Amino acid sequence: MDVGTMNLLSARQDGSETVFVQQRNSFVEIEYSDMAEQMLSRSDVLHIRKDNQVYIVGDDALNFANIFNEETRRPMQAGILSSDEQSAIPMIKLITEQVVGEPEYDDELLYFSVPADPIDDDVSTLYHQKTIESLLADMGYQPEPINEGMAVIYSELANREFTGLGISFGAGMTNVCLSYYAVPVMKFSIARGGDWIDEQAAKATGTPVDKVTSVKEEDFSLDFETDVGGVEGALSIYYDNLLDYVIENLIKEVDEEDVEEGLDVPVVVTGGTSSPEGFEALFEERLNEANIPFSISDVRQAENPLYSVAQGALVAARSEEQRAAQNQASEEVVEEEAQTD
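First residue of the sequence shown? That's 1 in this note's numbering, and the numbers climb one at a time after it.
Keep in mind that the hints were calculated from the coordinates and are not lab data.
Please read all numbers here as calculations on a predicted model, not as lab measurements.
Every residue, glycine too, gets a C-beta built ideally from N, C-alpha and C.
Each hint should be verified, as a subset may be incorrect.
[Claimed, not checked] Here are the simulated BS3-like cross-link-like pairs (lysine-lysine), alpha carbons at most 25 angstroms apart as the crow flies:
no., residue 1, residue 2
1, K211, K252
2, K187, K252
3, K130, K211
4, K203, K252
[What the hints assert, rightly or not] DEER-style ranges, computed between Cβ atoms:
no., residue 1, residue 2, range
5, P145, S16, 22 to 32 angstroms
6, Y105, D298, 22 to 32 angstroms
7, D223, I67, 24 to 34 angstroms
8, N327, E71, 29 to 39 angstroms
9, G278, S214, 11 to 21 angstroms
10, K130, A281, 38 to 48 angstroms
11, S16, N159, 11 to 21 angstroms
12, P103, I67, 29 to 39 angstroms
13, S214, D298, 30 to 40 angstroms
14, D51, D255, 32 to 42 angstroms
15, V19, D223, 31 to 41 angstroms
16, D107, N66, 19 to 29 angstroms
Using the sequences plus the hints, can you model the full thing?
Here you go:
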C-alpha cells in the first residue's frame with residue numbers, strides 16, 4: 001500500500017497479474033439533506049454522514065468540490081497525517097478500507113509506505129507510521145512499514161541488483177534513497193512536493209489551489225514554451241525550483257564513503273508529481289549541471305510513476321512471504337530428521 005498525501009494505492013498479486021486500486025486521499029464536506037443523501041446513494045458516491053454533515057470521500061471529492069465551489073480537505077499534509085484536520089483519522093480509515101479491502105486470511109502480510117523524516121523540517125513521521133499500522137492491524141492485517149524511497153528501488157531496479165538512487169516525487173514530500181544490493185545506505189525526505197508546487201503557483205497567479213491541481217493533472221507538460229503569467233507558466237517555474245532544491249539537498253546528504261568507487265549509479269524517478277511530460281529530461285539536465293559526488297549511469301522514469309511505490313511494497317511483501325515459507329520448510333525438514341534419528 002502506498003500511503004500518499006494525494007492518493008492511496010494498493011497492489012495485490014492475482015495469479016500472474018498485479019491488481020492496483022486507487023482512491024484520491026481527500027474529502028469535501030457538504031450539508032446533509034434528504035435529497036443529497038438520495039442522490040449520493042444512487043450514484044454510488046463514497047460518503048459518510050455525521051450529524052448534519054455529509055463527507056464525500058476519495059475520487060468524487062474533487063468533482064463535488066468544483067460543483068459546490070468548495071476546497072477539498074486532506075487527511076494528510078506534507079506526507080503525514082494532518083495535525084490540523086480533526087477528521088483525518090476517520091477519513092483515512094474509510095479510504096484505506098476501500099483501497100485494500102478485507103484480508104484474504106488472518107494476519108495477511110501488508111507492507112505500507114512511510115516517508116523518511118524530512119531534513120528541512122522539524123517533523124517526526126513516527127506518529128503517522130504507528131497510526132496507519134494500528135488501522136491496518138484493526139482490519140486484520142499484519143502491517144509492515146517500508147521506506148518510500150526503498151520501495152522505488154524494489155519496484156524499478158531489480159535488473160540492477162536493487163542498486164541505485166530511487167526518488168519518489170510525491171504530493172506532500174520528496175523521498176530519496178540510495179541503495180546498494182538492496183541495502184539502503186542513505187535515505188531522507190524533503191518537505192516539498194507536488195502540493196508545494198500547486199500552492200506556490202496558486203499564490204503567484206491568484207488561482208484556487210484545486211484548479212491549479214486540475215490543470216497540472218490534465219494536460220500539463222514541462223516544455224517551457226508556455227506564456228509567462230498563466231498557471232502552466234507558474235507550474236513550470238516551481239517545478240524547476242523543486243528539482244534544484246532536491247539536488248541541493250542530495251549533495252548535502254550524500255556521503256562519498258557510501259558510494260562505491262567506480263560504480264555508475266542509475267537514477268529512477270517516480271511518484272505522481274513526476275508524471276508531466278518532460279519531467280525526466282529536465283531532471284537529467286539539472287543533475288548533469290550539478291556537482292554530484294558520484295557518477296550517474298542514466299536517469300529514467302518509472303513506467304507507471306503513480307503505481308511504483310505500491311508495486312515496490314508488494315515486491316517486499318512477496319519476498320518476505322517466500323523467506324518465511326522457506327524458513328518454515330527448513331524447520332520442518334530439521335524436525336523430521338530429528339524424529340528419524
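Hints and how they fare:
1. A distance of roughly 35 angstroms separates the Cα atoms of K211 and K252; the hinted pair therefore is violated under the 25 angstroms criterion.
2. Straight-line distance between C-alpha atoms of K187 and K252 comes to about 12 angstroms, which keeps the hinted pair within the 25 angstroms bound.
3. Taken as a hint, the K130 and K211 pair is broken in the structure, with Cα atoms around 33 angstroms apart against an allowance of 25 angstroms.
4. Distance restraint check for K203 and K252: the Cα-Cα separation of roughly 29 angstroms exceeds the 25 angstroms cut-off, and the hinted pair is therefore not satisfied.
5. Hint check: P145 to S16, Cβ distance near 28 angstroms, so the stated range 22 to 32 angstroms holds.
6. Distance hint for Y105 and D298: a CB-CB separation of about 41 angstroms, inconsistent with the stated range 22 to 32 angstroms.
7. For the pair D223 and I67, the supplied restraint of 24 to 34 angstroms holds, since their beta-carbon distance comes to about 32 angstroms.
8. Between N327 and E71 the C-beta distance comes to about 50 angstroms, which lies outside the given range of 29 to 39 angstroms.
9. Look at G278 against S214: about 19 angstroms separates their beta carbons, and that is inside 11 to 21 angstroms.
10. At about 40 angstroms, the beta-carbon gap between K130 and A281 stays in the expected band of 38 to 48 angstroms.
11. Take S16 and N159: their Cβ atoms lie about 19 angstroms apart, and the range 11 to 21 angstroms holds.
12. A beta carbon spacing of about 36 angstroms between P103 and I67 agrees with the range 29 to 39 angstroms that was offered as a hint.
13. Taking the beta carbon of each, S214 and D298 are about 33 angstroms apart, inside 30 to 40 angstroms as hinted.
14. Hint check: D51 to D255, Cβ distance near 54 angstroms, so the stated range 32 to 42 angstroms is violated.
15. As the Cβ distance of V19 to D223 is approximately 34 angstroms, the hint placing it in 31 to 41 angstroms holds.
16. Between D107 and N66 the CB atoms are about 42 angstroms apart, so this pair departs from the stated range of 19 to 29 angstroms.
Checked against the numbered hints given earlier, this structure breaks hints 1, 3, 4, 6, 8, 14, 16; the rest are met.
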